[in-house]
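> Letter by letter, the chains look like this.
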Amino acid sequence: MENSIYLGLSRQVTLQTNMDIIANNVANMNTTGYRAQNTLFEEYLVKPRGYDDPLSFVNDQGQYQITTPGSMRETGSQLDAAIVGDGFFSVQAPGGEIQYTRDGNFSRSADGTLITQAGFPVASNGGGIITIPAGSTEIAIDDNGNVSNQDGQIGQLGIFEFANAQQLEQQGNNLYKIVGGDAAPATASRVKQGYLEQSNVKPVLEMTRMIETVRDYQSVQKVLQSENDRLRSAIQKLTGGGQ
Amino acid sequence: MRSLDIGATGMLAQQLNVDVISNNIANMTTTGYKRQRPAFLDLIYQNIDKPGSTSSDTGTTVPTGIQLGLGVRAGAVYREHAQGAIQITENPLDVAITGEGFFQIQMPDGDTAYTRDGTFQMNENGELVTVQGFLVDPGITIPPDAISIDINREGEVLVTQPGNTATTNVGQIQTARFVNPAGLEAIGDNLFLETDASSTPTTGTPGQDEFGALRQSALEQSNVNVVAEITQLITAQRSYEMNSNVISTSDEMLQTVSQLR
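Those protein sequence lines, which keep their order, are chains U and L.
Quick note: the first sequence uses my numbering, first residue 1, plus one each step.
Quick note: the second sequence uses my numbering, first residue 1001, plus one each step.
Please keep in mind that the hints were generated in silico from the structure rather than gathered at the bench.
Computed from a predicted model, the values in this text were never measured in an experiment.
Glycine included, each C-beta is placed from N, C-alpha and C at the ideal position.
Wrong hints could be hidden among the right ones.
[To be verified] Derived DSS-like pairs (lysine-lysine); straight-line CA-CA distance at most 30 Å: (1) U:Lys177 <-> L:Lys1050; (2) L:Lys1050 <-> U:Lys47; (3) U:Lys202 <-> L:Lys1050; (4) U:Lys202 <-> U:Lys177; (5) U:Lys177 <-> U:Lys192; (6) U:Lys202 <-> U:Lys192; (7) U:Lys47 <-> U:Lys177.
[Claimed, not checked] Beta-carbon label-pair distances, calculated as ranges: (8) U:Ala163 <-> L:Thr1112: 40 to 46 Å; (9) U:Ser226 <-> L:Thr1054: 36 to 42 Å; (10) L:Gln1161 <-> U:Thr137: 33 to 39 Å; (11) L:Thr1058 <-> U:Gln225: 27 to 33 Å; (12) U:Asp142 <-> L:Ser1258: 57 to 63 Å; (13) L:Leu1233 <-> U:Thr137: 28 to 34 Å; (14) U:Asp182 <-> L:Thr1054: 17 to 23 Å; (15) U:Pro69 <-> L:Gly1133: 51 to 57 Å; (16) L:Gly1126 <-> U:Gly172: 53 to 59 Å; (17) L:Pro1138 <-> U:Asp182: 39 to 45 Å.
When you get a sec, could you build the whole thing from the sequences and use the hints?
What follows is the structure, encoded as structure tokens:
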């Protein structure tokens, strides 16, 4: 009987998920290497008893990552690197697992290990760590991710590409974990030293999507309201309404 | 509603961003000041529908899933130790380091602090001190009858005394280097202390190996780039506004709900 209310409710729940994802995109507007997320909705058909036509509910089916590159910001710092292309830097997450990031804002720990801002060691192409010797002055990172100082090469950053970037699961701390599929050593990515990739969140897009979300939410609410009113007046009429 | 809290994390992050930028701008003309930058990281994710979970008994899997991010956090505020511009001064006791290294300063409590600010003076005993009166380490005493003071690029302090054509070496300025200078702890007054993250210092002679050379009658300006700071400030302000928009929109959605009778 209250199917129209439940239909509206299914839409409102998905709109809230949508709003949460927009909010997270906006909050991460200035997060280095962050990639914007977008929701996917699907129609969910149910054919209740006594109805000829099925009812169409909405369900949030999934989300996808926007893979357009973010803009590059020049920092001039020797330990900053950005990737031009679809590759990801590899990082040794706690537990020794290799995770991936687009955030090339690296630092050195006290013993010279190249680390991320969350303190995790940056992995080399072989999966090991990269230690920059204490006496290094001129640290250079070339197109292929080779890290060298004035005395020669130190190591190579592990840069990987994925057949389907949607198979990466966000872990927080700007890291991604691969779920299904394999990481292949990068062939079409170049490293740019002294630059950082900004997030690819497009503020205008997020703001318009946000307005759209809230207006949709309100119009669904209107439907619920009028359905509620209709039910009430039906009950009043059928029961004589005290008149 | 998650989006309310997410918007709040965004606003907090941008507030911190503005704090850091304003401190950089305030220290635009502070000798030896090194600009700071916040590094933001995305917060944890809530797996509503895990990517790769099975969607049917024939083994098909969800290609993307639903992961709701819970906002942003500041991972670090780090210091960029790039060289600042060198300004020529008239004071023979002003010293700038061109390249890597820090002057070592003896703190009143006996600790050693490190600074890039070479605005040195003499105290009543002729000892080389900072503007706050803290001794430069290793100590250097200038004889009261010195006519001229020369500090060469290797940090040797040479004075000329009356009736003597040759210069006398009265001391050697040594500098200290760190593996990770970004890990130093700032304590104000342009001074830094070593931490576990910075590693222990290596001291050496300026101008030798990887130690930067000294330059007398010069000071290192701050490395703050005003244009970059202002553009960052604009970005920070706009993202602050947009995050507050997220909060008011979420509020509007909640209001819609509460109007349902």
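> Would you mind marking each hint as holding or not holding in the structure?
Status of each hint after checking the structure:
At most 30 Å may separate the alpha-carbon atoms for a hinted pair to count; Lys177 (chain U) and Lys1050 (chain L) meet this at roughly 12 Å. Taken as a hint, the Lys1050 (chain L) and Lys47 (chain U) pair is honoured in the structure, with Cα atoms around 28 Å apart against an allowance of 30 Å. For the hint linking Lys202 (chain U) to Lys1050 (chain L), the alpha-carbon distance of about 26 Å falls within 30 Å, and the restraint holds. Restraint check for Lys202 (chain U) and Lys177 (chain U): satisfied, since their Cα atoms lie roughly 24 Å apart, inside the 30 Å limit.
Our distance criterion of 30 Å between C-alpha atoms is met by Lys177 (chain U) and Lys192 (chain U), whose separation comes to about 23 Å. Note on Lys202 (chain U) and Lys192 (chain U): the hinted pairing holds, with a Cα-Cα distance of about 23 Å set against a maximum of 30 Å. Distance restraint check for Lys47 (chain U) and Lys177 (chain U): the Cα-Cα separation of roughly 39 Å exceeds the 30 Å cut-off, and the hinted pair is therefore not satisfied. Evaluation of the 40 to 46 Å hint for Ala163 (chain U) and Thr1112 (chain L) yields a failure: the beta carbon distance comes to about 54 Å.
Between Ser226 (chain U) and Thr1054 (chain L) the beta carbon distance is about 41 Å. The supplied range of 36 to 42 Å therefore holds. Range check, Gln1161 (chain L) to Thr137 (chain U): Cβ separation about 38 Å, and the 33 to 39 Å hint holds. Remark: the range hint 27 to 33 Å for Thr1058 (chain L) to Gln225 (chain U) is contradicted by a beta-carbon distance near 43 Å. With their beta carbons about 59 Å apart, Asp142 (chain U) and Ser1258 (chain L) fall inside the hinted range of 57 to 63 Å.
Taking the beta carbon of each, Leu1233 (chain L) and Thr137 (chain U) are about 32 Å apart, inside 28 to 34 Å as hinted. The hinted range of 17 to 23 Å is satisfied by Asp182 (chain U) and Thr1054 (chain L), whose Cβ atoms lie roughly 20 Å apart. Range check, Pro69 (chain U) to Gly1133 (chain L): about 53 Å between beta-carbon atoms, so the 51 to 57 Å window is met. Range check, Gly1126 (chain L) to Gly172 (chain U): about 57 Å between beta-carbon atoms, so the 53 to 59 Å window is met.
Checked against the given bound of 39 to 45 Å, the beta carbons of Pro1138 (chain L) and Asp182 (chain U), roughly 58 Å apart, lie outside it.
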